[in-house]
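Trainee: Whenever a hint applies, use it, and build me the whole structure from the sequences.
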Amino acid sequence: AIWLARVLVEVRPEDAEALGLLALMLFCESRSAARRAEGRYVPLAEQDTALWNMPMAREAEDKLRTAGGLKQPGRFQLEAAIQSVLVQSHLTGADLSLPVWTLHGLLAQKAPTIGNLVGLAAATAQVHGPEEGLHELAQLPEAVTGDYQPFWALKAQLLQQLGADQQATAAAFRRAIGLTEDGAVRAYLIGKSTQQAG
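FYI, the numbering for the sequence shown is 363 to 560, going by the numbering used here.
Derived from the structure by calculation, the hints contain no laboratory data. Remember, predicted model here, so these are calculated numbers, not experimental data. Positions of the beta carbon are idealized from the N, C-alpha and C atoms, including for glycine. You may find that some hints are simply not true.
[Stated by the list, open to error] Pair by pair, the computed Cβ-Cβ distance ranges are: (1) A530 - V369: 46 to 56 Å; (2) T464 - L432: 15 to 25 Å; (3) E400 - L432: 39 to 49 Å; (4) V369 - A533: 42 to 52 Å; (5) A533 - A456: 29 to 39 Å; (6) A505 - R374: 22 to 32 Å; (7) Q557 - V489: 43 to 53 Å.
Mentor: Here it is as C-alpha coordinates:
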(Lines of atoms letter the chains of each structure in order from A and count residues from 1; the text may use other names and numbers.)
(Lines give C-alpha, C1' and ligand atoms only; values in the text may rest on other atoms or scores of the structure.)
Protein backbone atom coordinates (compact mmCIF):
# COMPACT_ATOMS: atom_id res chain seq x y z
CA ALA A 1 0.00 0.00 0.00
CA ILE A 2 2.84 2.41 0.79
CA TRP A 3 4.45 1.58 -2.54
CA LEU A 4 1.23 2.48 -4.36
CA ALA A 5 0.96 5.72 -2.38
CA ARG A 6 4.52 6.60 -3.39
CA VAL A 7 3.66 5.99 -7.03
CA LEU A 8 0.61 8.23 -6.70
CA VAL A 9 2.77 11.02 -5.24
CA GLU A 10 5.25 10.63 -8.10
CA VAL A 11 2.46 10.89 -10.65
CA ARG A 12 0.68 13.74 -8.83
CA PRO A 13 3.33 15.62 -6.83
CA GLU A 14 1.10 18.67 -6.43
CA ASP A 15 -1.77 16.64 -4.94
CA ALA A 16 -1.79 17.49 -1.23
CA GLU A 17 -4.12 14.63 -0.34
CA ALA A 18 -1.86 12.09 -2.07
CA LEU A 19 0.99 13.39 0.09
CA GLY A 20 -1.27 13.32 3.14
CA LEU A 21 -2.24 9.71 2.49
CA LEU A 22 1.40 8.69 2.12
CA ALA A 23 2.27 10.53 5.34
CA LEU A 24 -0.57 8.77 7.18
CA MET A 25 0.57 5.35 5.98
CA LEU A 26 4.18 6.08 6.92
CA PHE A 27 3.22 7.24 10.41
CA CYS A 28 1.21 4.07 11.03
CA GLU A 29 3.85 1.75 9.58
CA SER A 30 6.65 3.44 11.54
CA ARG A 31 5.11 2.14 14.77
CA SER A 32 4.19 -1.35 13.60
CA ALA A 33 7.01 -3.14 15.46
CA ALA A 34 6.13 -1.43 18.75
CA ARG A 35 2.44 -2.14 18.26
CA ARG A 36 3.08 -5.90 18.33
CA ALA A 37 5.77 -6.42 20.98
CA GLU A 38 6.36 -10.18 21.36
CA GLY A 39 3.02 -10.84 19.71
CA ARG A 40 1.07 -8.70 22.18
CA TYR A 41 -1.01 -5.70 21.16
CA VAL A 42 0.46 -2.52 22.65
CA PRO A 43 -1.56 0.73 22.41
CA LEU A 44 0.27 3.91 21.44
CA ALA A 45 0.44 5.30 24.98
CA GLU A 46 2.34 2.19 26.14
CA GLN A 47 4.65 1.70 23.16
CA ASP A 48 8.45 1.64 23.43
CA THR A 49 9.64 4.43 21.12
CA ALA A 50 12.97 2.62 20.71
CA LEU A 51 11.05 0.19 18.50
CA TRP A 52 9.71 2.94 16.25
CA ASN A 53 11.16 3.40 12.77
CA MET A 54 12.21 7.03 13.23
CA PRO A 55 13.52 7.58 9.66
CA MET A 56 10.08 6.55 8.41
CA ALA A 57 8.37 8.84 10.94
CA ARG A 58 10.59 11.73 9.83
CA GLU A 59 9.72 11.03 6.21
CA ALA A 60 6.04 11.14 7.18
CA GLU A 61 6.58 14.54 8.81
CA ASP A 62 8.32 15.78 5.67
CA LYS A 63 5.49 14.61 3.39
CA LEU A 64 2.90 16.19 5.69
CA ARG A 65 4.81 19.48 5.74
CA THR A 66 5.01 19.46 1.93
CA ALA A 67 1.27 18.76 1.71
CA GLY A 68 0.51 21.65 4.05
CA GLY A 69 2.51 23.99 1.86
CA LEU A 70 0.20 23.26 -1.06
CA LYS A 71 -2.74 24.89 0.78
CA GLN A 72 -5.22 22.14 -0.17
CA PRO A 73 -6.64 20.97 3.18
CA GLY A 74 -8.21 17.52 3.19
CA ARG A 75 -9.14 14.45 5.18
CA PHE A 76 -5.91 12.47 4.83
CA GLN A 77 -3.81 15.47 5.83
CA LEU A 78 -5.92 15.90 8.96
CA GLU A 79 -5.56 12.21 9.81
CA ALA A 80 -1.81 12.43 9.28
CA ALA A 81 -1.65 15.60 11.37
CA ILE A 82 -3.36 13.79 14.24
CA GLN A 83 -0.78 11.01 14.02
CA SER A 84 2.00 13.61 13.95
CA VAL A 85 0.78 15.29 17.14
CA LEU A 86 0.31 11.93 18.88
CA VAL A 87 3.88 10.97 17.98
CA GLN A 88 5.26 14.27 19.28
CA SER A 89 3.26 13.94 22.49
CA HIS A 90 4.58 10.43 23.12
CA LEU A 91 8.18 11.38 22.29
CA THR A 92 8.26 14.55 24.40
CA GLY A 93 5.82 13.68 27.18
CA ALA A 94 3.94 16.91 26.49
CA ASP A 95 0.17 16.97 26.92
CA LEU A 96 -1.05 17.73 23.40
CA SER A 97 -4.59 16.43 23.91
CA LEU A 98 -6.13 19.82 23.08
CA PRO A 99 -4.63 20.11 19.56
CA VAL A 100 -5.50 16.45 18.97
CA TRP A 101 -9.11 17.20 19.96
CA THR A 102 -9.17 20.26 17.69
CA LEU A 103 -7.89 18.24 14.73
CA HIS A 104 -10.42 15.47 15.40
CA GLY A 105 -13.18 18.08 15.38
CA LEU A 106 -12.05 19.39 11.99
CA LEU A 107 -11.78 15.84 10.66
CA ALA A 108 -15.29 14.94 11.87
CA GLN A 109 -16.65 18.03 10.11
CA LYS A 110 -14.92 17.19 6.84
CA ALA A 111 -15.56 13.44 6.93
CA PRO A 112 -18.22 12.46 9.52
CA THR A 113 -17.64 8.71 9.30
CA ILE A 114 -18.33 6.44 12.26
CA GLY A 115 -14.60 5.95 12.75
CA ASN A 116 -13.90 9.66 12.83
CA LEU A 117 -16.81 10.36 15.17
CA VAL A 118 -15.64 7.67 17.60
CA GLY A 119 -12.17 9.18 17.35
CA LEU A 120 -13.62 12.57 18.25
CA ALA A 121 -15.35 11.03 21.27
CA ALA A 122 -12.02 9.56 22.42
CA ALA A 123 -10.29 12.91 21.97
CA THR A 124 -13.13 14.67 23.80
CA ALA A 125 -12.71 12.31 26.74
CA GLN A 126 -9.00 13.10 26.88
CA VAL A 127 -9.68 16.83 27.15
CA HIS A 128 -13.03 17.05 28.94
CA GLY A 129 -13.25 13.74 30.81
CA PRO A 130 -14.92 10.33 30.29
CA GLU A 131 -18.46 11.61 30.89
CA GLU A 132 -18.18 14.00 27.94
CA GLY A 133 -16.70 11.25 25.81
CA LEU A 134 -19.63 8.97 26.66
CA HIS A 135 -22.02 11.81 25.83
CA GLU A 136 -20.44 12.04 22.36
CA LEU A 137 -20.80 8.27 21.90
CA ALA A 138 -24.45 8.42 22.96
CA GLN A 139 -25.19 10.77 20.05
CA LEU A 140 -24.18 8.16 17.47
CA PRO A 141 -26.96 6.05 15.87
CA GLU A 142 -27.27 2.49 17.18
CA ALA A 143 -27.76 1.22 13.64
CA VAL A 144 -24.15 2.21 12.94
CA THR A 145 -22.51 1.49 16.30
CA GLY A 146 -24.09 -1.89 17.07
CA ASP A 147 -21.37 -3.95 15.40
CA TYR A 148 -18.59 -1.36 15.38
CA GLN A 149 -15.84 -2.71 17.63
CA PRO A 150 -13.99 0.58 18.34
CA PHE A 151 -17.23 2.10 19.66
CA TRP A 152 -17.61 -0.65 22.27
CA ALA A 153 -13.91 -0.72 23.14
CA LEU A 154 -13.95 3.02 23.81
CA LYS A 155 -17.26 2.86 25.68
CA ALA A 156 -15.87 0.10 27.92
CA GLN A 157 -12.71 2.09 28.59
CA LEU A 158 -14.62 5.28 29.47
CA LEU A 159 -17.10 3.45 31.70
CA GLN A 160 -14.15 1.77 33.42
CA GLN A 161 -12.55 5.16 34.04
CA LEU A 162 -15.74 6.41 35.68
CA GLY A 163 -15.92 3.28 37.83
CA ALA A 164 -19.63 3.74 38.46
CA ASP A 165 -21.61 1.11 36.55
CA GLN A 166 -19.73 -2.20 36.78
CA GLN A 167 -22.46 -4.11 34.95
CA ALA A 168 -22.52 -1.71 32.00
CA THR A 169 -18.73 -1.72 31.87
CA ALA A 170 -18.56 -5.51 31.80
CA ALA A 171 -21.25 -5.65 29.11
CA ALA A 172 -19.37 -3.15 26.94
CA PHE A 173 -16.15 -5.13 27.31
CA ARG A 174 -17.95 -8.36 26.36
CA ARG A 175 -19.38 -6.69 23.26
CA ALA A 176 -15.99 -5.27 22.25
CA ILE A 177 -14.26 -8.61 22.81
CA GLY A 178 -16.93 -10.46 20.85
CA LEU A 179 -16.51 -8.12 17.89
CA THR A 180 -12.70 -8.32 17.89
CA GLU A 181 -11.22 -10.57 15.20
CA ASP A 182 -7.57 -9.87 15.99
CA GLY A 183 -6.37 -12.32 18.64
CA ALA A 184 -3.79 -9.96 20.14
CA VAL A 185 -6.30 -7.14 20.49
CA ARG A 186 -8.83 -9.55 21.97
CA ALA A 187 -6.31 -10.70 24.57
CA TYR A 188 -5.54 -7.08 25.43
CA LEU A 189 -9.23 -6.29 25.95
CA ILE A 190 -9.73 -9.42 28.04
CA GLY A 191 -6.85 -8.28 30.23
CA LYS A 192 -8.37 -4.82 30.59
CA SER A 193 -11.78 -6.25 31.45
CA THR A 194 -10.19 -8.48 34.11
CA GLN A 195 -8.58 -5.43 35.69
CA GLN A 196 -11.98 -3.80 35.75
CA ALA A 197 -13.61 -6.86 37.30
CA GLY A 198 -10.92 -7.13 39.95
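Trainee: Hints first: check each against the structure and report whether it holds.
Mentor: Hint by hint, here is what the structure shows:
1. For the pair A530 and V369, the beta carbons lie near 48 Å from each other, so the given range of 46 to 56 Å is met.
2. Taking 15 to 25 Å as the suggested C-beta distance range, the pair T464 and L432 conforms, at roughly 21 Å.
3. For E400 paired with L432, a C-beta distance near 41 Å keeps the hint of 39 to 49 Å intact.
4. For V369 and A533, the hinted distance range of 42 to 52 Å is satisfied, since their beta carbons lie about 46 Å from each other.
5. Separation of A533 from A456 is about 36 Å and conforms to the stated range, judged on CB atoms against 29 to 39 Å.
6. At roughly 37 Å, the beta carbons of A505 and R374 sit outside the given window of 22 to 32 Å.
7. Against the hinted window of 43 to 53 Å, the Cβ-Cβ separation of Q557 and V489 comes to about 24 Å, which falls outside the hint.
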